[in-house]
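There are 2 protein chains.
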Amino acid sequence: MTEPLRIALAGLGTVGAGVIRLLDANAELIARRAGRPIEVVAVSARDRAKDRGVDLIPFDWVDDTSALATHERADVVVELIGGSDGPALTLARRTLGAGKSFVTANKAMLAHHGLELAEAAEGASVALKFEAAVAGGIPVIKGLREGAAANAIERVYGILNGTCNFILSKMESEGRDFAEVLAEAQALGFAEADPSFDIDGVDAAHKLSILASIAFGTQPAFGDVAVTGIRHILAADIAEAAALGYRVRLVGVAEAGPAGLFQRVHPHLVPVDHPLATTTGSLNAVVADGNFVGRLFFQGRGAGDGPTASAVVADLIDIARGEFGPPYAMPAASLTALPPAPAGERRGRAYLRFAVVDRVGVLAEIAAAMRDAGVSIESLIQRGAGADGTVLVAIVTHDGPERCIAQALEKLRGSQSLAGEPMWMHLLG
Amino acid sequence: MTEPLRIALAGLGTVGAGVIRLLDANAELIARRAGRPIEVVAVSARDRAKDRGVDLIPFDWVDDTSALATHERADVVVELIGGSDGPALTLARRTLGAGKSFVTANKAMLAHHGLELAEAAEGASVALKFEAAVAGGIPVIKGLREGAAANAIERVYGILNGTCNFILSKMESEGRDFAEVLAEAQALGFAEADPSFDIDGVDAAHKLSILASIAFGTQPAFGDVAVTGIRHILAADIAEAAALGYRVRLVGVAEAGPAGLFQRVHPHLVPVDHPLATTTGSLNAVVADGNFVGRLFFQGRGAGDGPTASAVVADLIDIARGEFGPPYAMPAASLTALPPAPAGERRGRAYLRFAVVDRVGVLAEIAAAMRDAGVSIESLIQRGAGADGTVLVAIVTHDGPERCIAQALEKLRGSQSLAGEPMWMHLLG
Numbered sequence: 001m002t003e004p005l006r007i008a009l010a011g012l013g014t015v016g017a018g019v020i021r022l023l024d025a026n027a028e029l030i031a032r033r034a035g036r037p038i039e040v041v042a043v044s045a046r047d048r049a050k051d052r053g054v055d056l057i058p059f060d061w062v063d064d065t066s067a068l069a070t071h072e073r074a075d076v077v078v079e080l081i082g083g084s085d086g087p088a089l090t091l092a093r094r095t096l097g098a099g100k101s102f103v104t105a106n107k108a109m110l111a112h113h114g115l116e117l118a119e120a121a122e123g124a125s126v127a128l129k130f131e132a133a134v135a136g137g138i139p140v141i142k143g144l145r146e147g148a149a150a151n152a153i154e155r156v157y158g159i160l161n162g163t164c165n166f167i168l169s170k171m172e173s174e175g176r177d178f179a180e181v182l183a184e185a186q187a188l189g190f191a192e193a194d195p196s197f198d199i200d201g202v203d204a205a206h207k208l209s210i211l212a213s214i215a216f217g218t219q220p221a222f223g224d225v226a227v228t229g230i231r232h233i234l235a236a237d238i239a240e241a242a243a244l245g246y247r248v249r250l251v252g253v254a255e256a257g258p259a260g261l262f263q264r265v266h267p268h269l270v271p272v273d274h275p276l277a278t279t280t281g282s283l284n285a286v287v288a289d290g291n292f293v294g295r296l297f298f299q300g301r302g303a304g305d306g307p308t309a310s311a312v313v314a315d316l317i318d319i320a321r322g323e324f325g326p327p328y329a330m331p332a333a334s335l336t337a338l339p340p341a342p343a344g345e346r347r348g349r350a351y352l353r354f355a356v357v358d359r360v361g362v363l364a365e366i367a368a369a370m371r372d373a374g375v376s377i378e379s380l381i382q383r384g385a386g387a388d389g390t391v392l393v394a395i396v397t398h399d400g401p402e403r404c405i406a407q408a409l410e411k412l413r414g415s416q417s418l419a420g421e422p423m424w425m426h427l428l429g
Numbered sequence: 001m002t003e004p005l006r007i008a009l010a011g012l013g014t015v016g017a018g019v020i021r022l023l024d025a026n027a028e029l030i031a032r033r034a035g036r037p038i039e040v041v042a043v044s045a046r047d048r049a050k051d052r053g054v055d056l057i058p059f060d061w062v063d064d065t066s067a068l069a070t071h072e073r074a075d076v077v078v079e080l081i082g083g084s085d086g087p088a089l090t091l092a093r094r095t096l097g098a099g100k101s102f103v104t105a106n107k108a109m110l111a112h113h114g115l116e117l118a119e120a121a122e123g124a125s126v127a128l129k130f131e132a133a134v135a136g137g138i139p140v141i142k143g144l145r146e147g148a149a150a151n152a153i154e155r156v157y158g159i160l161n162g163t164c165n166f167i168l169s170k171m172e173s174e175g176r177d178f179a180e181v182l183a184e185a186q187a188l189g190f191a192e193a194d195p196s197f198d199i200d201g202v203d204a205a206h207k208l209s210i211l212a213s214i215a216f217g218t219q220p221a222f223g224d225v226a227v228t229g230i231r232h233i234l235a236a237d238i239a240e241a242a243a244l245g246y247r248v249r250l251v252g253v254a255e256a257g258p259a260g261l262f263q264r265v266h267p268h269l270v271p272v273d274h275p276l277a278t279t280t281g282s283l284n285a286v287v288a289d290g291n292f293v294g295r296l297f298f299q300g301r302g303a304g305d306g307p308t309a310s311a312v313v314a315d316l317i318d319i320a321r322g323e324f325g326p327p328y329a330m331p332a333a334s335l336t337a338l339p340p341a342p343a344g345e346r347r348g349r350a351y352l353r354f355a356v357v358d359r360v361g362v363l364a365e366i367a368a369a370m371r372d373a374g375v376s377i378e379s380l381i382q383r384g385a386g387a388d389g390t391v392l393v394a395i396v397t398h399d400g401p402e403r404c405i406a407q408a409l410e411k412l413r414g415s416q417s418l419a420g421e422p423m424w425m426h427l428l429g
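Chains as they are written, first to last, in the working numbering: chain H, 1 to 429; chain R, 1 to 429.
Hints are computed from structural coordinates only; laboratory data are not their basis.
Given the structure is predicted, the values throughout are model-derived calculations rather than measurements.
Even for Gly, the Cβ is constructed at its ideal location relative to N, Cα and C.
A hint or two may mislead.
Listing some non-contacts, in silico: residues in chain R with all C-beta distances to chain H over 12 Å [as the list claims (entries may be wrong)]:
| hint | residue |
| --- | --- |
| 1 | Asp55 |
| 2 | Ser66 |
| 3 | Ala124 |
| 4 | Gly223 |
| 5 | His266 |
| 6 | Gly300 |
| 7 | Asp315 |
| 8 | Gly325 |
| 9 | Leu335 |
| 10 | Gly361 |
| 11 | Gly384 |
| 12 | Ala406 |
A few chain H residues facing chain R, derived, Cβ under 7 Å [stated by the list, open to error]:
| hint | residue |
| --- | --- |
| 13 | Arg33 |
| 14 | Gly137 |
| 15 | Val293 |
| 16 | Val313 |
Next up, chain H with everything else stripped away, as it sits in the complex (with noise of 0.2 Å):
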């Protein structure tokens, strides 16, 4: 057995100790597989006296994160802080600087430094590895960047947020509100106490331009991605989305194409017999359609500690055996720059729901403005009023150009007809 590979791990929550803890279970297993053991020789975090349930006695404690980069004995830091910038970014800079291999969870930090990064570790000949930051134990970073390398992938898209589909799942489920049940899955634990970054989508976003960036061999572009989260989603959305044959579920789809590239975290309405839809709670699951091998489906827990600590030590052991290369398939040098895809120029279905006055007339100013804008009704649905005194109108449209529904709506907003903003979802093609 060789000498073994030695671990800084810099942040010390519920993943943190997860790391330690499936090191500790599984190292014989590991040390087979790898070639040779995986030790954590220092760690670092805010708190040295709070109790994680792991033993930190054999670990050289480091008050400095970012001192961590240079400990004299670590081959590989693991940071495992998150946050797009601040310490997590000070680690990682330091770490490539200093010749050594750097593993994370961090999609945030990726989405906006994911290229500075990936050039460092090139230049240093280390590796930067990332499964853990997206779709948690999923290996499907390594799925896109190995074992569909030879395709051209045409679109890559799925299910990056737990909490959202474990709030969606569960609305369906119990027909209950949306508010109702964030509540609760904050309770469970299942939701952050701000919860924005997820259910407004921007995680969802994140991870979305990692995948796009693998899979298509593009420049990461998280700013181009168009995010819309779950809010404004309604009990009714999902039991009319049901009665037509769909689940409502928020999908991140990512194409690559002559129009540039479209990258779009959306509700989306998916029919009942897609993979996607049989994804429930708070599973993750990705779809890539390669050029050759057609669609690929990756599902599993995208969460939590045992997960996460599985996919950080696959790259461990990746780095152990030293078959890793550059981070993004290929060369960040070589990436291309594609400008973004426009959505209206886009085609498809959507479902679009009003919430209406009650009164004569509503019924035609919608289909109006449909009209008026060259969309293309395939069913309209009136339900009587609830509780407040609205209706709500869903439709669903004949495949069209998203510009014409943009327009419709356009032409609707600010009408007295309306009770508050339009839904308008996908429908997934």
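Based on these hints, arrange chain R on the given structure of chain H.
Coordinates of chain R only, in the frame set by chain H:
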């Protein structure tokens, strides 16, 4: 750009031609991802004159397939001939013996000779890769070898034969019987003229033994796989299963534990909400249960020229990158030899179906055999006589030892009340 990775290709059937087409169609992308071009330099097949829809002029044609092993310009040999022994095995041994890397889609050869070939590859410090041998285009070898490498895998199971799944899906959706659907599948090219390797479960067993070895760190033990195919499943079985909330799938299951290595390919009843139930048509799917990651699910196309070529070329890209190590995730010499775990010690629920003669006392005889063997019956359905005058009795048992069911069936063997062999399927737990 460094030197190309140069390939000698043995076998020019649909997959071999697919590899040539893929390397041509995605050449630029592959060179970016692999860090260098991947080029075919030599080919060998039985019939030089046959039109395969690809231009063979650029390649050196070699009549003696085994001579590819020492082709002076080739870095890697890709074997797509098939067959557990014969020319494929000769080529594998000679290639590795010559210190060149070897890529194959040949599950039969790996099931029988994988350990020997892995030792040869490790001895020569070259790659032996076989992503295409299991589940076609789905990167499940990589998923287990690397993606889930941090985990103790408790169980790996899946749908490993697209022909069987196609037939079962069609029996399910159309209510037709096995023989009829098989004939149609053969006419469509979804089943071989001699389908026994597929429908009797042998092909799935080859693949399962490969997955088990990588998942558990055990020596491949194809001879210990208990195999039952799908020949004797009736449309009525599928209908009964559906009424109970299950779908019928041919599932390969492997588990490693204190009792030894359990490997079985057998028709199972899969709950409709399980991802294997939504794996329809010729799709394949694999589930791995890891002690930290939980359940990982991989689904995609398990056969065909495009998906299989995708997996072959993914292996070539890994080799071009230098990202490869021991074929079975750890040195072959360190794989443990586990004894086969006896099925009788297993517990579970079962579906049992009897075709019986329609006369007084038959049900009592079956019920008594169950009682005497200690089998607890959860439900029993008897359906009126079919065209041939026989009656079907379908039983679902409570959880219990498989040994008891085997005893009950043994007791009923040769009974004048039974018209034909009973059908025993396991409920996926």
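Going through the earlier hints one by one, which of them does the structure break, listed in rising order?
Of the numbered hints given earlier, those the structure breaks are 6, 7, 8 and 9, listed in rising order.
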